[in-house]
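J.: As you go down the protein sequences, you meet chains A and B in turn. The letter at position 101 of the first sequence is residue 101 when you use the numbering used here, and the numbering goes up by one with no holes. The letter at position 42 of the second sequence is residue 42 when you use the numbering used here, and the numbering goes up by one with no holes.
Only pairs whose alpha carbons sit at most 16 Å apart, straight line, appear in this in silico EDC-like list of lysine to aspartate or glutamate: (1) Lys44(A) x Glu5(B); (2) Lys44(A) x Asp86(A); (3) Lys44(A) x Asp56(A); (4) Lys70(B) x Glu54(B); (5) Lys56(B) x Asp67(B); (6) Lys106(B) x Glu40(A).
Hints in this document: simulated from the structure, not taken from any laboratory.
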Amino acid sequence: NAGVMQNPRHLVRRRGQEARLRCSPMKGHSHVYWYRQLPEEGLKFMVYLQKENIIDESGMPKERFSAEFPKEGPSILRIQQVVRGDSAAYFCASSPRAGLNTEAFFGQGTRLTVV
Amino acid sequence: TQLLEQSPQFLSIQEGENLTVYCNSSSVFSSLQWYRQEPGEGPVLLVTVVTGGEVKKLKRLTFQFGDARKDSSLHITAAQPGDTGLYLCAGAGTYKYIFGTGTRLKVLA
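With the rest of the complex left out, here is chain A:
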């Protein structure tokens, strides 16, 4: 049973370009979470999605960032017009259900560098 798969592992973008980060959850998991981690810091929640629905996006910046989890295919975190401050590691986690006592499993992350 494959784990959470994220790609690409490393992504370099110039300022103003778009970044697309992909996350394929574990088999049977329909809940996806995106987190951002700056160097030497903990993980900051960005967004929580179920299939085709955004449940909680309280951690997403209001502009330039969007996320989706379509019925078919991976979850996508999209950053438009990237700036240097977007450089970070972005982690995706999946779980089989939401609510009490649910464990989330993380992917290896996408390290975004904006030059």
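We have chain A already, so just place chain B on it with the hints.
T.: For chain B alone, coordinates are given in the frame of chain A:
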């Protein structure tokens, strides 16, 4: 706003020593997880504690959930260089996991 604070932030010890890492909050969590993260990798789940006062052991690691489910501790006995990494606690909220600030552990041979 739910916050989890970990202490110490950094810890450097010699191989064979014991250590305890703390995770504290003013909020109650239905469950709490501990993760270890190595450089360049994602967090790896170590344990989930659910019941107030619960103690779980994973080889040399002992995890405890506070009676009020607001805090937790991780105790490592006879630390080894392979224990080096970033230790993160995470509390389960309604829709998301709230992560602690992390404890960066370095075990010297």
